[in-house]
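Peer 1: Residues per chain, in single letters:
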Amino acid sequence: MRWLRSKIVLILGILVLVYTFVPIAVVVVMSFNKLPSEQSKIYRFNAFTLDNWLHPCADPSMCTALRTSIFIGLFATIGATILGTLAAFALVRHQFVGRSSTNVLIFLPMAAPEIVMGSSLLALFVAGGFAGQLGFYTILIAHIMFCLSFVIVTVRSRLAGLSDTLEQAAADLYATPQQAFRKVTFPLVFPGILGAALLSFSLSFDDFIITNLNAGTTTTFPMYVYGVSRRTIPMQINVVGTLMLIISVLIVVGGEVRSRARMRALAGPKPVRADSVVAAASARSSAGALDAV
Amino acid sequence: VRSWKTCEPPAMSETVRKKGLTGYILLAPAMFWLLLFFLIPFYSLLAASLFNQGGSDFRGYTMVYQWSNYSEVIQSYWPQIVRSLIYGGIATFQCLILGYVLAYAIAFKAGRWKNLMLVLVIAPFFTSFLVRTLSWKLILADDSVVVNTLQFLHIVSPDGHLLYTPFSVVMGLTYNFLPFMVLPLFASIDKIDYRLIEASNDLYANPVVGFFKVTFPLSLPGVISGTLLTFIPAVGDYINDQLLGSTQTRMIGNTIQSLFTEANDYPAASALSVILMSMIVVLVFMYVKFAGTEDLL
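Top to bottom, those sequences are chains Z and B. First residue of the first sequence? That's 39 in the numbering used here, and the numbers climb one at a time after it. First residue of the second sequence? That's 84 in the numbering used here, and the numbers climb one at a time after it.
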């Protein structure tokens with residue numbers, strides 16, 4: 039009884055975690071489901087098959103949508119990461135007029151409801167006479183826009199955590215400012231930039247609300263899923279869902295293992311803070327978002 | 084166990100901020116992008132909400148300052164507006180309860196499993212938003228295990244269902260926005276010095292009193308940012324409602340979306356968007372004022 043009392047919060051917490059995994063388990067299991075012929079039975083596990091994994095592109099339009107999403111994700115990530123990193127450097131290392139309004143402008147896109155951002159962007163495109171050209175490029179513009187703030191916040195927090203003593207040391211050792219940047223600053227900030235890029239890609243890849251309003255006839259993966267949700271759901275979407283999960287968990291765990299190994303090498307046994315995990319995945323929801331202003 | 088907290092790295096040394104043009108040059112592209120594609124669109128939205136209703140996206144609209152657009156959409160869509168606030172509110176409250184338990188367990192009870200549990204909190208949400216919402220559709224479908232069990236236990240009537248009801252919509256919202264609550268809560272609870280809680284125990288506060296007098300007040304910044312970050316997307320969401328709800332559960336997001344993409348009624352859709360945005364701004368200010376942390380915003 040006393041054991042139960044001391045563990046009750048942990049047990050409840052684990053139950054909440056289990057709850058968050060229920061739909062994921064369904065996705066994984068359903069990726070091995072053979073789609074039944076009767077429409078009414080599609081909500082039940084029918085029979086085991088590997089077909090979905092062996093033939094992920096049984097519906098070619100799904101793979102087209104997937105390719106579109108990956109391309110948009112890559113370009114949006116590159117764009118947002120470059121623009122955002124430059125801005126983060128300016129915010130931490132440089133003086134300029136209008137700092138607080140800049141902070142507000144960076145904070146707002148993270149707080150505004152997506153439907154409002156999406157519809158106002160659509161209103162802009164229509165007003166500018168681009169109503170007929172909605173598609174790949176308008177989606178890309180939108181994605182860079184909403185990824186930017188997250189990149190800036192993530193890279194800035196990494197940069198702010200570094201004091202410039204190392205750069206000063208490099209300067210004392212006769213490094214030119216360019217050398218100091220290339221050999222000292224950039225490698226130190228790089229994990230933050232990488233985290234920001236991964237976050238951008240996952241935000242872009244998963245976005246539906248803003249994309250749907252500005253997509254015209256282009257279809258991204260989330261839009262494809264939305265489209266088929268009213269008809270027979272091809273089980274291949276569960277294959278994609280499972281793969282997304284596996285890839286991202288591998289990236290997070292890999293990053294954690296690397297940073298742990300590095301910490302150990304650098305500083306002996308020292309507890310690793312969960313920052314690296316949380317920073318990348320939670321910039322969207324971190325209190326840092328509110329500190330931004 | 085928590086002693087490492089006391090040996091934080093020394094306070095950030097004063098990094099010298101460089102003067103000159105470079106700062107502006109580095110900042111310019113990002114700010115230009117946000118101005119052009121985030122701020123100016125708000126102006127377009129405001130303008131579009133006052134257009135004449137007879138136009139179309141290809142023939143163009145004319146600006147006639149038609150304020151009646153607002154009264155018309157409020158008249159036709161007030162049930163959706165109220166419903167969104169209620170669903171969003173309930174979902175946020177449920178997230179707060181579930182999220183608090185989880186964040187507290189990770190911060191104070193997980194010990195060396197802390198990092199693993201944090202990864203596990205985020206992991207489910209790496210799967211596509213739409214795929215995992217569709218998955219709830221399977222779980223709550225009429226002949227699913229869950230519904231059959233609940234019917235067997237007489238919690239759900241034999242001909243009752245869970246899917247396509249307000250229950251399933253709120254359930255989906257709660258599920259999908261839970262990490263937005265957990266992470267800020269964790270950040271805030273993790274900062275609490277556990278010795279304060281121990282002190283309250285030493286002073287004979289029972290755990291419940293200790294929680295409400297010590298832990299909860301200290302975690303308030305996390306509660307506030309978590310609540311806002313959950314409530315804002317939940318109110319404006321329409322995926323959960325579209326996949327798990329019915330025409331009787333439509334929210335404001337669904338209405339805006341269908342007015343834009345199906346009805347092509349840009350003025351009404353824009354007016355509704357502006358209303359949603361202003362409601363959220365007002366609520367955020369009220370909430371932050373009420374909670375007494377104006378310094379947050």
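Bear in mind the hints are in silico, worked out from the structure with no lab data behind them. Just so it is clear, CB atoms sit at the ideal spot from N, CA and C, and this is done for glycine as well. Just so you know, not all the hints are guaranteed correct.
[What the hints assert, rightly or not] Each computed DSS-like pair below joins lysine-lysine, with the alpha-carbon atoms no more than 30 Å apart:
id: 1; chain 1: B; residue 1: Lys101; chain 2: B; residue 2: Lys197
id: 2; chain 1: Z; residue 1: Lys72; chain 2: B; residue 2: Lys274
id: 3; chain 1: B; residue 1: Lys372; chain 2: B; residue 2: Lys296
id: 4; chain 1: Z; residue 1: Lys45; chain 2: B; residue 2: Lys192
id: 5; chain 1: B; residue 1: Lys101; chain 2: B; residue 2: Lys192
id: 6; chain 1: Z; residue 1: Lys45; chain 2: B; residue 2: Lys220
id: 7; chain 1: B; residue 1: Lys220; chain 2: Z; residue 2: Lys221
id: 8; chain 1: B; residue 1: Lys220; chain 2: B; residue 2: Lys102
id: 9; chain 1: B; residue 1: Lys102; chain 2: B; residue 2: Lys192
id: 10; chain 1: Z; residue 1: Lys45; chain 2: B; residue 2: Lys372
id: 11; chain 1: Z; residue 1: Lys221; chain 2: B; residue 2: Lys192
id: 12; chain 1: B; residue 1: Lys192; chain 2: B; residue 2: Lys220
id: 13; chain 1: B; residue 1: Lys102; chain 2: Z; residue 2: Lys45
id: 14; chain 1: B; residue 1: Lys197; chain 2: B; residue 2: Lys102
[Stated by the list, open to error] Cβ-to-Cβ under 8 Å is the rule here; a few derived chain Z residues that face chain B:
id: 15; residue: Ile62
id: 16; residue: Leu124
id: 17; residue: Ser157
id: 18; residue: Leu232
id: 19; residue: Leu236
id: 20; residue: Leu241
id: 21; residue: Gly254
id: 22; residue: Thr257
Peer 1: None of the hints should be skipped; say for each whether it holds.
Peer 2: Structure-based check of all given hints:
1. B:Lys101 x B:Lys197: violated, 39 Å
2. Z:Lys72 x B:Lys274: violated, 49 Å
3. B:Lys372 x B:Lys296: holds, 21 Å
4. Z:Lys45 x B:Lys192: holds, 8 Å
5. B:Lys101 x B:Lys192: violated, 45 Å
6. Z:Lys45 x B:Lys220: Since the Cα atoms of Lys45 of chain Z and Lys220 of chain B sit roughly 33 Å apart, the hinted pair is violated (cutoff 30 Å).
7. B:Lys220 x Z:Lys221: violated, 52 Å
8. B:Lys220 x B:Lys102: With Cα atoms ~56 Å apart, Lys220 of chain B and Lys102 of chain B exceed 30 Å; violated.
9. B:Lys102 x B:Lys192: violated, 47 Å
10. Z:Lys45 x B:Lys372: Not satisfied, since the Cα-Cα distance of roughly 37 Å exceeds 30 Å.
11. Z:Lys221 x B:Lys192: Outside the cut-off at roughly 41 Å; violated.
12. B:Lys192 x B:Lys220: Given pair Lys192 of chain B, Lys220 of chain B is violated - Cα atoms ~34 Å apart, limit 30 Å.
13. B:Lys102 x Z:Lys45: Given pair Lys102 of chain B, Lys45 of chain Z is violated - Cα atoms ~55 Å apart, limit 30 Å.
14. B:Lys197 x B:Lys102: With a Cα-Cα distance of about 42 Å, the restraint between Lys197 of chain B and Lys102 of chain B is violated, given a limit of 30 Å.
15. Ile62: holds, 5 Å
16. Leu124: Leu124 of chain Z check passes; min Cβ-Cβ to chain B is 4 Å, inside 8 Å.
17. Ser157: holds, 5 Å
18. Leu232: Given a least distance of 16 Å, the restraint on Leu232 of chain Z is violated.
19. Leu236: The hint is violated - Leu236 of chain Z has no Cβ within 8 Å of chain B, the shortest such distance being about 10 Å.
20. Leu241: Violated - the Cβ of Leu241 of chain Z stays beyond 8 Å from chain B, reaching only about 11 Å at its closest.
21. Gly254: violated, 10 Å
22. Thr257: violated, 13 Å
In this structure, the hints that do not hold are numbers 1, 2, 5, 6, 7, 8, 9, 10, 11, 12, 13, 14, 18, 19, 20, 21 and 22, in rising order.
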